[in-house]
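Given the coordinates of chain A, assemble chain B onto it according to the supplied hints.
Top to bottom, those sequences are chains A and B. Per the numbering used here, the very first residue in the first sequence carries number 1; after that it's consecutive. Per the numbering used here, the very first residue in the second sequence carries number 241; after that it's consecutive.
It should be emphasised that the hints constitute simulated quantities derived from the structure, not laboratory data. We treat Cβ as the ideally placed atom computed from N, Cα and C, and that holds for glycine. A hint or two may mislead.
In silico negatives: residues of chain B with every beta carbon more than 12 angstroms from chain A [unchecked claim]:
no., residue
1, GLY311
2, ASP321
3, GLY338
4, ALA350
5, GLU372
6, ASP385
Below 27 angstroms or equal to it, Euclidean Cα-Cα: the simulated DSS-like pairs (lysine-lysine) are [stated by the list, open to error]:
no., chain 1, residue 1, chain 2, residue 2
7, A, LYS85, B, LYS335
8, A, LYS96, A, LYS178
9, B, LYS310, A, LYS85
10, B, LYS365, A, LYS96
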Amino acid sequence: MSFLNRIGLGSARVPGTSGAAALRAHVPTTAITPASPSFSPRETRGSNSLKDFLWHLNGLGRGNLLDLGPVWQSTVSFFIERGFKVSTEDVLMGWKQFSQEESDRQRSLPADAERITRAELANVFLETSLQYAPGSFDAVLAWDVLDYLEDDAMKCVAERLRSVVREGGVILAMFHSKRPEQFQRYRILDEKTLEMVPSSSIFPMARVFQNREISDLFSRFHTSKTYLGRDQLREGLFVK
Amino acid sequence: MWRRQEEPKVPPSPQNVVVTPSAATVSSQPSQHSAQPNSPSSSPSNAPQVAPNVTQSASVSKNAVSIVCKGISIRGEVSGDEDLQIDGELSGTVKLAGARVMIGPEGRVAGNIQAREIIVRGTLKGNLRASERILMGSTGRWEGDGSSPRLAIEEGATVRGNLEVAETPEKKPAPAKSEKPAVAVAAPPAVASPATNGGSGSREASVPVTVHAENTANVIGGANGSKTVPVV
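For reference, chain A alone in the conformation it holds in the complex:
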């Protein structure tokens, strides 16, 4: 037994468990999840962009935050405890449901009926989604959204996000520099830690953004920062 093992810091494993599992067993999964029915330890990730994001919101008081992912107890509690009013809208899921319904509707039309294009469809989608007044939000959590939306929808959603954020407001978004093995959701555990929740894929990944494309996407923002991790996940922070 090595010295580290003797003092309790070694890598001695319980037979049948992997090293990663043994490591995860020591990682607190979440602090605020009173309503979660079941919980399995998941991968966590330190996030500098989240720290930066929170720094921009420091001292804001009662701010407004828009979360474009699924609703999580820990994320909602995190911001509500800081005095935020939290709005949630799962854009990917909304777009999926909307486009599916529209596809079904168009299939039922006669063959010679006029069809709506995908670009028009994206505009129609935004007539019922992300319906917020310009400058409504101090902060937006975009997570894995723009990577997964098809081109027309992505451009419309990005434009709408630019609109709903107030001057000085901040957007946190994730971009994959290579195609991930699995679609994942994110939830905030604390001020610098995200939990990555494996999830069933809603859409196949639409594109891998180049750095220049990300900059162009938020070119009207005052500040654009990205942090690239070893896992090729690029965290972007954009201040309007």
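Relative to the frame of chain A, chain B by itself:
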């Protein structure tokens, strides 16, 4: 099985169509929306405590639960002070200030709900205002705004709307004495300043600047990335 009461002339309204699982009582008194017993001898004061899942038409008590069964559809306003479970469809406002409203997995509600505690396991389109808490079950789908002192969300719930924590209503100031409170208004907790920004507090410097922290090793490792570059 439906059992009608003695006054058939009263038009059916949301208040008088309340269904319990076994008795399926139709109340004809609009002001008393809940399952009323037919026997005049029982009174609320000596009524036995009824379990949350009511299986028979019992006397009115604080813990009685009125249930809108699956297959029943109600349109209009529901008010009162008893717990309500909705497994059917309800379109309209629900005002049960001191009670609990639970929307079952099969329940569908379109309208605003005001209650002490609101549990959503079905589908809801409307605003919620709870004086105690809101619980979104894992099967719950909610579109609307919510305000409550406590908010619990199970994994798998779907929410589209604004969530806000309301102040607990029992906090009333006592103006009789002129003593100053020991602690004034508590400011909202501040968000810690990350080390990456050096704590300079220069967030007003909204000068166009693009800074990319490329290949800055793993973010997990700590304060990588780039600092905000002050531009004059």
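Consistency of the hints with the structure:
no. : hint               : result
1   : GLY311             : holds, 26 angstroms
2   : ASP321             : holds, 26 angstroms
3   : GLY338             : holds, 23 angstroms
4   : ALA350             : holds, 16 angstroms
5   : GLU372             : holds, 14 angstroms
6   : ASP385             : violated, 9 angstroms
7   : A:LYS85 / B:LYS335 : holds, 24 angstroms
8   : A:LYS96 / A:LYS178 : holds, 23 angstroms
9   : B:LYS310 / A:LYS85 : violated, 35 angstroms
10  : B:LYS365 / A:LYS96 : holds, 20 angstroms
When each numbered hint is compared with the structure, violations occur for hints 6 and 9.
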